[in-house]
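**Student:** Kindly produce the complete structure, drawing on both the sequences and the hints.
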Amino acid sequence: MARRMSAGERWEIDGVEVEVTHLDKVLWPAEGLTKRDLLDYYRHTGPAMLPYLRGRPVTLRVFPDGIERSGHYQRNAPARLPGWLRTAPYRPQTTGQARRLPLIENVAGLIWYANRGAIEFHQWHAPAEHPDRPDWAILDLDPGPRAGYERVLRVALLVRERLARDKIAALPKTSGGSGLHLFLPLEPVHPVEAVREWVHRLAEELSREHPDLVATGDGATHDEDERVTIDHAQNSLARNTAAPYTLRARPGAPASAPLAWEEVEEGQVRPEHFTIRTLPQRLDAIGDPWARAKVQPQRLPLDR
Numbered sequence: 001m002a003r004r005m006s007a008g009e010r011w012e013i014d015g016v017e018v019e020v021t022h023l024d025k026v027l028w029p030a031e032g033l034t035k036r037d038l039l040d041y042y043r044h045t046g047p048a049m050l051p052y053l054r055g056r057p058v059t060l061r062v063f064p065d066g067i068e069r070s071g072h073y074q075r076n077a078p079a080r081l082p083g084w085l086r087t088a089p090y091r092p093q094t095t096g097q098a099r100r101l102p103l104i105e106n107v108a109g110l111i112w113y114a115n116r117g118a119i120e121f122h123q124w125h126a127p128a129e130h131p132d133r134p135d136w137a138i139l140d141l142d143p144g145p146r147a148g149y150e151r152v153l154r155v156a157l158l159v160r161e162r163l164a165r166d167k168i169a170a171l172p173k174t175s176g177g178s179g180l181h182l183f184l185p186l187e188p189v190h191p192v193e194a195v196r197e198w199v200h201r202l203a204e205e206l207s208r209e210h211p212d213l214v215a216t217g218d219g220a221t222h223d224e225d226e227r228v229t230i231d232h233a234q235n236s237l238a239r240n241t242a243a244p245y246t247l248r249a250r251p252g253a254p255a256s257a258p259l260a261w262e263e264v265e266e267g268q269v270r271p272e273h274f275t276i277r278t279l280p281q282r283l284d285a286i287g288d289p290w291a292r293a294k295v296q297p298q299r300l301p302l303d304r
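Numbering follows the UniProt record's numbering, in which position 211 of the sequence shown is assigned residue number 211; successive positions increment by one, without gaps.
None of these hints come from the bench; they were simulated from the model.
Cβ atoms here follow ideal geometry from the backbone N, Cα and C, with glycine treated the same way.
Among these hints, one or two may not hold up.
[Claimed, not checked] Straight-line Cα separation of at most 20 Å, EDC-like style, residue types lysine to aspartate or glutamate; simulated pairs:
#, residue 1, residue 2
1, 167, 212
2, 294, 263
3, 167, 150
4, 294, 187
5, 167, 303
6, 167, 40
7, 294, 284
8, 167, 135
9, 294, 272
10, 25, 65
11, 167, 132
12, 294, 40
13, 25, 9
14, 25, 14
15, 294, 262
16, 25, 68
17, 25, 40
18, 294, 197
19, 294, 205
[Claimed, not checked] Derived DEER-like restraints, expressed as beta-carbon distance ranges:
#, residue 1, residue 2, range
20, 252, 92, 33 to 39 Å
21, 26, 261, 33 to 39 Å
22, 164, 226, 24 to 30 Å
23, 204, 91, 42 to 48 Å
24, 211, 296, 42 to 48 Å
**Tutor:** Right, here's the structure in full:
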């Protein structure tokens, strides 16, 4: 339900009223997409997105004047929040100063932050109550300048094959940019440093076996590079990764789309297929591929 105001509207979501304003503001000029389009997208996809955000800190990328103007990362929660929005305490090792980090527990929270200019939602890979014990391991597949997306998909299949030897399952999604992410659900029992090092060793192993196809995040790349980098640094403490279903502040209004492995195997999927317009339609048609996969939390074979 929406109630109109002189400067905007009040939307009733999750039993609370959220004020939304400046709905005609253009955020993607080339596409003519407005703030209303942004909010409608998150209202539609929010129920599928929430399981991947709930209970963990969220970092926002905020573009109050649209993607062609400067934006910024927002890691701390605003000083003034509605009473129904929660935060998590965190004390970084670098500064030791206590912070309050945003938590998004419902669609109303998504809309509230998006109304303040948040286009992108990036999730931490660990729950708020123990940020040093991740419940996701993340393999970030980043193509070199000359690597087509078919190479990214090929590397994703190589990773899946290697993980299967250890009976580890992964869930694929487009990054919303040029790459692809593999999320491995974990039991939150491994120290963050051990998870990062395990992903690093996996990347090194695959780069040795496929030197013309796979690179690690350790070495330099160049303009002619056709390899796909497996970046292990995404598993560092307090790092964040584009959440499933988040929009990206890029031309075309792309979104990060969870995939079924069958789509990766077919080799036809491309990042530009998933946008602010198409992803809600896909969700209505097939649902959330990750929810269908029903992958349970796992333990990594850290001793191998």
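**Student:** Honestly, do residue 204 and residue 91 meet the 42 to 48 Å range at C-beta?
**Tutor:** violated, 33 Å
**Student:** Is residue 294 close enough to residue 197, meaning Cα to Cα at most 20 Å?
**Tutor:** Judged against 20 Å, a Cα distance of about 26 Å means the pair is violated.
**Student:** That 33 to 39 Å hint for residue 252 and residue 92 (C-beta), does it hold up?
**Tutor:** holds, 35 Å
**Student:** Residue 167 and residue 132: Cα distance at most 20 Å?
**Tutor:** violated, 24 Å
**Student:** Mind checking the alpha carbons of residue 294 and residue 272 for me, to see if they're no more than 20 Å apart?
**Tutor:** It is violated: about 26 Å lies between the C-alpha atoms, which goes past 20 Å.
**Student:** Can you confirm whether the C-alpha distance between residue 167 and residue 135 stays at or below 20 Å?
**Tutor:** holds, 17 Å
**Student:** Taking 20 Å as the top limit, are the C-alpha atoms of residue 294 and residue 205 close enough?
**Tutor:** violated, 28 Å
**Student:** Given the hint of 33 to 39 Å, check if residue 26 and residue 261 actually sit that far apart at their C-beta atoms.
**Tutor:** holds, 38 Å
**Student:** Sort out whether residue 68 lies within 20 Å of residue 25, counting only the CA atoms.
**Tutor:** holds, 13 Å
**Student:** Holds or violated: are the alpha carbons of residue 167 and residue 303 at most 20 Å from each other?
**Tutor:** It holds: about 14 Å lies between the C-alpha atoms, which stays within 20 Å.
**Student:** Hint check: residue 294 vs residue 263, CA-CA at most 20 Å. Holds or violated?
**Tutor:** Distance ~17 Å between residue 294 and residue 263 Cα, so the pair holds.
**Student:** Residue 294 and residue 284 were given as a pair; does the straight-line alpha-carbon distance stay at or below 20 Å?
**Tutor:** This hinted pair holds, its Cα atoms lying about 19 Å apart.
Consistency note: the structure conflicts with the earlier hints numbered 1, 3, 6, 9, 11, 12, 14, 18, 19, 23, 24.
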